[in-house]
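All chains should be built: construct the whole structure from the sequences, respecting the hints.
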Amino acid sequence: MIGAFISVVLGLGPVGSELLLVANKADHTVTVFDLASGAPVATLPTGAGPHEVAVSADGRWAVATDYGTQVPGGTLTVLDLASRTVARTIDLSPHKRPHGAVFLPDGRLLVTSETSQAVLMVDIERGVVTGTAPTNARTSHMVAVPADGRRAYTANIADGSVTEIDLASMTATRTLVASRTTEGIAVTPDGRQVWLGSNALGTVTVIDVASWTPIDTLGGLGLPYRVNAAPGGGVMVVSNPQADSAYVFDAATRARRAAVFTGAGTQPVGGAVGRDGRRAYLALQGTNQVAEIDLEAGSVLRYFPVGSRPDGVAIATVR
Numbered sequence: 612m613i614g615a616f617i618s619v620v621l622g623l624g625p626v627g628s629e630l631l632l633v634a635n636k637a638d639h640t641v642t643v644f645d646l647a648s649g650a651p652v653a654t655l656p657t658g659a660g661p662h663e664v665a666v667s668a669d670g671r672w673a674v675a676t677d678y679g680t681q682v683p684g685g686t687l688t689v690l691d692l693a694s695r696t697v698a699r700t701i702d703l704s705p706h707k708r709p710h711g712a713v714f715l716p717d718g719r720l721l722v723t724s725e726t727s728q729a730v731l732m733v734d735i736e737r738g739v740v741t742g743t744a745p746t747n748a749r750t751s752h753m754v755a756v757p758a759d760g761r762r763a764y765t766a767n768i769a770d771g772s773v774t775e776i777d778l779a780s781m782t783a784t785r786t787l788v789a790s791r792t793t794e795g796i797a798v799t800p801d802g803r804q805v806w807l808g809s810n811a812l813g814t815v816t817v818i819d820v821a822s823w824t825p826i827d828t829l830g831g832l833g834l835p836y837r838v839n840a841a842p843g844g845g846v847m848v849v850s851n852p853q854a855d856s857a858y859v860f861d862a863a864t865r866a867r868r869a870a871v872f873t874g875a876g877t878q879p880v881g882g883a884v885g886r887d888g889r890r891a892y893l894a895l896q897g898t899n900q901v902a903e904i905d906l907e908a909g910s911v912l913r914y915f916p917v918g919s920r921p922d923g924v925a926i927a928t929v930r
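Adding 611 to a residue's 1-based position in the sequence shown gives its number in the numbering used here.
In case anyone wonders, no lab produced these hints; they're calculated from the structure. Check before you lean on any hint, since a few could be wrong.
As the list claims (entries may be wrong) - Derived Cβ-Cβ restraints for the label pairs, each shown as a range:
no., residue 1, residue 2, range
1, Ile826, Thr700, 38 to 48 Å
2, Pro825, Ser648, 41 to 51 Å
3, Arg785, Ala863, 17 to 27 Å
4, Gly627, Arg749, 38 to 48 Å
5, Arg695, Ala811, 33 to 43 Å
6, Ser780, Pro842, 22 to 32 Å
7, Ala637, Tyr914, 12 to 22 Å
8, Asp905, Ala863, 17 to 27 Å
9, Asp861, Gln681, 33 to 43 Å
10, Ser648, Pro842, 14 to 24 Å
Beta carbons are placed, not taken as given, at the ideal position from N, Cα and C, and that holds for glycine.
And the structure:
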């Protein structure tokens with residue numbers, strides 16, 4: 612009861628309620644929706660070209676990675692979801708082109724820097740970088756972390772590889788060249804598998820973490836721009852903007868459950884899966900919308916209008 616009271620006082624909403632956040636690259640904003648009603652509740656300014664957005668485990672904070680446009684960006688925009696305001700901007704200098712981001716269970720933030728070929732550990736309340744883990748790989752773009760928050764995995768586009776980072780020591784422990792033009796990445800919540808998309812080959816390589824070897828290749832995926840894991844396991848969702856489609860896979864068997872057409876010219880890109888694993892939310896870059904997808908039925912339930920060229924998506928759950 613105390614936690615619920617505090618959440619309502621802070622303006623977050625009742626415990627269990629959800630907010631949907633979408634980074635609009637061309638508008639330099641993040642749009643925030645109340646998922647229960649589908650109503651927009653805020654549009655907040657960011658730095659130039661926000662590509663991704665991450666939310667804290669308690670649903671209080673969000674961070675947009677200000678990737679930049681023609682000029683490389685080098686900041687993070689911290690959003691207070693209780694007051695629906697910009698709390699601060701963090702200068703990452705000398706690191707530029709921040710992209711993939713994820714909060715750890717303890718509230719620290721991980722973010723990739725493409726120019727530094729590194730993963731940064733950031734204290735968002737102090738506004739400082741507290742650790743740097745070099746990947747020594749070109750274009751370390753997206754980062755994924757299992758539920759225990761002990762390791763991180765980066766997709767390194769130019770090298771066609773994945774790098775594992777030990778977060779206690781902030782060191783790269785191993786790198787595997789797995790395919791070509793590897794951008795989309797997800798790790799199963801139990802930390803046993805990494806799913807790595809290849810834009811060049813239209814495949815997703817499934818890597819067994821224990822043996823650090825590929826155990827499966829899923830083909831016919833066009834341009835598997837993003838791979839998203841359900842927080843509780845069960846399903847993986849791959850977006851393919853070339854075919855205006857998303858593919859739903861069983862995480863255990865790797866069987867394809869559904870192919871969901873999001874609409875002509877929609878171009879689904881970034882996304883997130885809801886905490887119950889029943890719905891996914893994909894940014895539609897071609898039509899400036901977000902699609903809510905019923906993963907069991909394999910159909911689109913509703914569309915949310917957002918800003919120009921949406922990409923990164925996150926779901927904040929009030930704890």
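Now the hints, each set against the structure:
1. Ile826 - Thr700: 38 to 48 Å: 42 Å, holds
2. Pro825 - Ser648: 41 to 51 Å: Between Pro825 and Ser648, where Cβ atoms are some 43 Å apart, the hint holds.
3. Arg785 - Ala863: 17 to 27 Å: Because 25 Å falls inside the window, the suggested range holds.
4. Gly627 - Arg749: 38 to 48 Å: Since the Cβ atoms of Gly627 and Arg749 sit about 42 Å apart, the hinted range of 38 to 48 Å holds.
5. Arg695 - Ala811: 33 to 43 Å: 40 Å, holds
6. Ser780 - Pro842: 22 to 32 Å: 26 Å, holds
7. Ala637 - Tyr914: 12 to 22 Å: 19 Å, holds
8. Asp905 - Ala863: 17 to 27 Å: At roughly 20 Å between Cβ atoms, Ala863 and Asp905 fall inside 17 to 27 Å, so the hint holds.
9. Asp861 - Gln681: 33 to 43 Å: Because 42 Å falls inside the window, the suggested range holds.
10. Ser648 - Pro842: 14 to 24 Å: 22 Å, holds
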